[in-house]
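Just need the whole structure built from these sequences, with the hints factored in.
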Amino acid sequence: MSAFRQRSSVSYLLALPAALWMIAGLIVPTLFIVWVSFWATRRFSLESPLGLMHYIKFYNTPVYQKLVIDTVLQTGLLMGITLVLGYCMAYFIVGKVRGEGRKILLILLLIIPFWTSALIRTIAWIPFLGVNGVINQSLIFLGLIDEPIGVFLYSRTGITMAQVSFYTLMATGPVVYVMRNIPPSLQQAAQCLKASPTRVFWRITVPLTIPGVLIGQMLVFLNVMADFATASAIGGNKFTYLGNLVLNLYESGQLSFASVIAVVLMLTMFAGVALLLRVVDIRRLGAL
Amino acid sequence: MHWKTRQKMMKLLLGGVTFGFLAYQWFPMVIMAVLSFTDPEGGVTFPMRGVSLHWYREFWADSFIDDFKPPMYRSLMLAVMCSVTTATLALAAVQAMRSRFFGSNFFFYLILLGIMAPGILVGLGMAFVARILGIPLAWYTTTFAVHMVWTLPFGMLLLMAAFNRFDHKLEEAALTLGASRWTTFWRITFPLVLPGVIGAALFGFTLSYDEFARSLFATGSEQTLPLIVFAQVDRQLEPTLYALGTTTTVISLLMIGFFALLFHIVRRRSRSDVAITT
Chain A
15 MSAFRQRSSV SYLLALPAAL WMIAGLIVPT LFIVWVSFWA TRRFSLESPL
65 GLMHYIKFYN TPVYQKLVID TVLQTGLLMG ITLVLGYCMA YFIVGKVRGE
115 GRKILLILLL IIPFWTSALI RTIAWIPFLG VNGVINQSLI FLGLIDEPIG
165 VFLYSRTGIT MAQVSFYTLM ATGPVVYVMR NIPPSLQQAA QCLKASPTRV
215 FWRITVPLTI PGVLIGQMLV FLNVMADFAT ASAIGGNKFT YLGNLVLNLY
265 ESGQLSFASV IAVVLMLTMF AGVALLLRVV DIRRLGAL
Chain B
163 MHWKTRQKMM KLLLGGVTFG FLAYQWFPMV IMAVLSFTDP EGGVTFPMRG
213 VSLHWYREFW ADSFIDDFKP PMYRSLMLAV MCSVTTATLA LAAVQAMRSR
263 FFGSNFFFYL ILLGIMAPGI LVGLGMAFVA RILGIPLAWY TTTFAVHMVW
313 TLPFGMLLLM AAFNRFDHKL EEAALTLGAS RWTTFWRITF PLVLPGVIGA
363 ALFGFTLSYD EFARSLFATG SEQTLPLIVF AQVDRQLEPT LYALGTTTTV
413 ISLLMIGFFA LLFHIVRRRS RSDVAITT
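Residue numbers (my numbering), protein chains in the order written: chain A, 15 to 302; chain B, 163 to 440.
Source of the hints: derived by calculation from the structure; they are not laboratory data.
Treat the hints with care, as some may be off.
Calculated lysine to any residue pairs in the SDA-like style (CA-CA distance at most 20 Å, straight line) [what the hints assert, rightly or not]: (1) A:Lys117 x B:Ile418; (2) A:Lys110 x B:Leu176; (3) B:Lys170 x A:Leu99; (4) B:Lys173 x A:Leu153; (5) A:Lys117 x B:Leu238; (6) B:Lys173 x A:Arg116; (7) B:Lys166 x A:Trp216; (8) B:Lys170 x A:Leu153.
In silico contact screen, one side only, chain A against chain B (beta carbon under 10 Å); selected entries [as the list claims (entries may be wrong)]: (9) Val42; (10) Thr136; (11) Leu153; (12) Thr174; (13) Thr182; (14) Trp216; (15) Val220.
To list a few chain A residues with every Cβ distance to chain B over 12 Å, as calculated [to be verified]: (16) Thr55; (17) Thr212; (18) Gly257.
Built from N, CA and C at the ideal position, the CB exists for glycine as well.
This is the structure in structure tokens:
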């Protein structure tokens, strides 16, 4: 994207503010979390001896390890649901809707909630999920159930329902972006050569959209892993994921242990991203 | 089945999924807005009783969550700060990356890391930094710092797309005709990428205005709006919260509308400029 190149020295000057900001606002805080996680006291003091005290506590407490598995399972569930929903929607918007104006309208309808408060959207789910909530009342009205059922609010179902409405956009957006950039001539060429629509879809569209799918899934993975506000507001503190544990430990003043959980969360996320990149590389080899 | 009927059914199915999801996504927000107009006796769910502005009066008169106005003011100020800073720093960063300087890849990933880092951890780390270095927590320092970490990458990605889209021969022409680099940037490049700059400002504003996870540990006693909303959900759910939620959602929507209008004007103007010159 060059043509108009900056001299190197000017480039450094231009890049400096952003780089310093990211170092001060992200890298240093992360290093401090790692540092604090090795403090072997319960107090928050710079003179703390370093040690593995809190890591050993984590290692010896199966409840906390189960929380890691719960968080990963919940994230996996969300990734599955948003993958299917997101791909269907992207395919419909890009491939089936006629007219640029209508496409943009649908994309805007999809994206606008992302620019409003996630917390408020979580609160908005509560009147739906309660025992006397909208869902229960509609089900009774339709005659599907006689008594209100309590599976929605303060339950994993409720948390999942709300999370699906928040995070599907992240799985859809990148696929829409990638799909819009596929030259139509590719599909036309395949059709001229008598490939059936199904075959065109699987041999042309899917392989070319895999990068978008991957980015979308990565965004969903990173966001659901770190989401604690939804579980806290809808789950009523009954369900916790790693983020909630960090919050609880912070509030009870166990800062070193909170850092250990934070480090565990970070490592799990790194592992997940590495795994995702791996899966796609293998698939790409298959496609070639 | 003939493949054409199959295609038609497929289209129906996919359309159903899409419109179904859009309804699913928007419905709770609409219901919240409706319920916020319930009577003083009305609860937080259906059946709705009567129509009144009671809960709006209630939250305007600060009888609930101490007083929401200072936090709302802080959130708006912070959002404006993030909006301006994101647009400026992202523009500088992307312009810098056009020459592949030593470490430019590293620089790109450093900024991108801001999208990947979980909010609660960034906030936690910032709380430690402040405590250890003895910096007091405040919305206009520590919270501002962590919000930027979240908004800057979005601004950068948007601007990279904007820079990739225009015809770079225009810049070459200006340089060949003897314009300085400075003049070329401000007279040619900047107007061309201005829609991208506006997009970056929009992301800076809305993402900061609604940010909760990053603010949680990094903000001191002077809290922002999402923080007092979260505290209130923990305590008690009242229709006042719906009134507040509806109000802030409307503010967000107005801001989106404002930026969309700006975007539209800039685009029309740059198009008519091109029409005149050609």
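*Index of numbered hints that the structure contradicts, given in increasing order*: 4, 5, 8, 11, 12, 14, 15, 17, 18
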